[in-house]
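Generate the whole structure from the sequences, applying the supplied hints.
Chains as they are written, first to last, in my numbering: chain F, 7 to 339; chain E, 7 to 339.
Hints may be right or wrong, so weigh each one.
Heads up, the list lumps identical chains together, so a pair's fine if it works in one copy or across two of them.
[Said to hold, decoys possible] Taking lysine-lysine and the DSS-like style, the derived pairs with C-alpha atoms no more than 30 Å apart in a straight line are: (1) Lys276 / Lys332; (2) Lys332 / Lys40; (3) Lys174 / Lys332; (4) Lys174 / Lys40; (5) Lys174 / Lys146; (6) Lys276 / Lys174.
Derived from the structure by calculation, the hints contain no laboratory data.
There are 2 protein chains.
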Amino acid sequence: MTDSRFDVLGIGNAIFDILGHVHEETLTAHNLAKGSMRLVTAEEALAVDALLTDAVRISGGSAGNTVAGVASLGGRAAFFGKVAPDAYGEAYRHDMHRIGIDFSTAPLTEGPPTATSVILVTPDGERTMNTFLGASQLLKVSDIDVDIVDASAITFLEGYLFDPDEAKSAFRAAAERANAVGRIAALTLSDAFCIERHRADFRQWMESGQIGLVFANIAEMHALFETDDLDAAGRALAERVPTVVITMGAQGARVITNGEAVDVPAQPTKVVDLTGAGDLFAGGFMMGHARGLPPAECARLGAIAAAEVISHFGARPQADLADLAKAAGISFA
Amino acid sequence: MTDSRFDVLGIGNAIFDILGHVHEETLTAHNLAKGSMRLVTAEEALAVDALLTDAVRISGGSAGNTVAGVASLGGRAAFFGKVAPDAYGEAYRHDMHRIGIDFSTAPLTEGPPTATSVILVTPDGERTMNTFLGASQLLKVSDIDVDIVDASAITFLEGYLFDPDEAKSAFRAAAERANAVGRIAALTLSDAFCIERHRADFRQWMESGQIGLVFANIAEMHALFETDDLDAAGRALAERVPTVVITMGAQGARVITNGEAVDVPAQPTKVVDLTGAGDLFAGGFMMGHARGLPPAECARLGAIAAAEVISHFGARPQADLADLAKAAGISFA
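What follows is the structure, encoded as structure tokens:
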């Protein structure tokens, strides 16, 4: 395989986040499942927005956050995602370009507005997401620029892409292409409820041999395998997928490669907002993976990136992650 | 005077903030005066926006931030300011309404977009603002709802209103009305460069006897009086203005009332972003003033509100300031 022009290509729902605080009781009163992502209509989004006691607006989207992490670590990253030609869509594009991410998916010319997610942050830092998919669900197979897939060491797909039908086809096309040219297709399971909605599809992908790297947290492993024996589930998954990364929040992460498991602790930090923790862990891990670091070093990079993003509001890094990696003694060519 | 329906009415430029980090060298390379506010065109705003390494979008505007502080302390607040009927304008209105602020100034029907300020935050937490006034400069005398002025214990005006000609007339009308009905007109000097642009006007207002409460920091006092003898300048100002509040950053604040000066220390905190420090100090102070607390208690409330807002990104409070005031043992009826 020739050298790659991009370390990571992220493909995902291009979403603008509206984040704010709520009291614990607000979640209970409105029957919202803490820590999850639910899909809402534009009207429902407005109603949930009114529950926030403050509001900060920041570019988001799982894969978008992940490639922002790769860029902040000094990596070369690209992104495919669909926005509308409105203020949020323009801001999303600006935010990708300012950090040097190649993002040239054509915006919609007509149709729904740019996707937004109203994110309720409780005092414990946990986030509960209410996503209006808008324009993001109209990502098409024709939006998959194969030249960029070919030029990317890792093509990273978010499980949330299984929600929009149109985007699911784009997802398949991208993963097949990455495999066809000898690149790695990586997948994050995204959310336990998302897996419940699409369990058969997720299972089929795991078995297909097309996924070279998978990220899952404990709730997602439960949802995917419908078992409490996570050790057995992890081993079973690792038979099909060369690199399995199981994230366990404050308990750190486990990486299973070629039947060998390595545990890496989380990096201690004061939690302000957990939004983006998994996304940034994946970004750090893949940056190391693309540059040939051993699994434990990849996971350390993931832990550094995740710790930065949960120490402030919003899912995009505010500090220079390359500086933090350097300070931790991690270097990559 | 009858009881007031509002503790504080804020009148100011309705501005959406686009905040992010820059390296120190970026300010030098682009000849930007650290800590100041400069007015820019839409094109200049875009060019400065591209210098940010990350971007967070939050409702801002000096007087808007101040009344958000009053609301977070449990006070009743109102706001006059001009937005356009676009995404930022709608978000600005939502953000005021979600925290219970009475904000019903009619938006523009046509004309420039909602005002934005691109705020460059350096590693020391200092902010440098680049403001495109847009719709905000079209606040008119007819936008001054006298019923709300009459119903407000304090009508608070930001010095930045001297920049747009149209808004300056609205400013005068509001201050005159507040005085005519026996209410307090309060003024913040806003920025040293703003004072240099409008020194004669500011001086005339100070001498007019119409200002009952003024907020100034040290740089603004220097700019207004063109002297290094701040003690003398403070005493001279206090002869014309019943309550003078001089903020001194980490050195705390001095309140001069009836010839008596009281110094109150700043509340120690880790500085993340100084945006809104002065605005929130004014909000806390005026909440206490409207409820009849002594000057030192008012300044303590100001210090609590300022400390919260500089501990995170953005100029709007994220914590419940009423809880923080209660924890500090400050209560008001």
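Quick rundown of the hints versus the structure:
Taking the closest pair of Cα atoms, lysine 276 and lysine 332 come within 30 Å of each other both inside a single copy (21 Å) and across two copies (24 Å). Taking the closest pair of Cα atoms, lysine 332 and lysine 40 come within 30 Å of each other only across two copies (29 Å); inside a single copy the shortest separation is 35 Å, beyond that limit. Neither within a single protomer nor between protomers do lysine 174 and lysine 332 lie at most 30 Å apart by alpha-carbon distance, with minima of 38 Å and 52 Å respectively. Taking the shortest Cα distances, lysine 174 and lysine 40 sit within 30 Å of each other inside one copy (26 Å), while across copies they are farther apart (48 Å).
Taking the shortest alpha-carbon separations for lysine 174 and lysine 146, only the intra-copy value of 9 Å comes in at or below 30 Å, while the best inter-copy value is 52 Å. Taking the shortest alpha-carbon separations for lysine 276 and lysine 174, neither the intra-copy value of 37 Å nor the inter-copy value of 45 Å comes in at or below 30 Å.
In summary, the structure is inconsistent with hints 3, 6 from the numbered list given earlier, while agreeing with the others.
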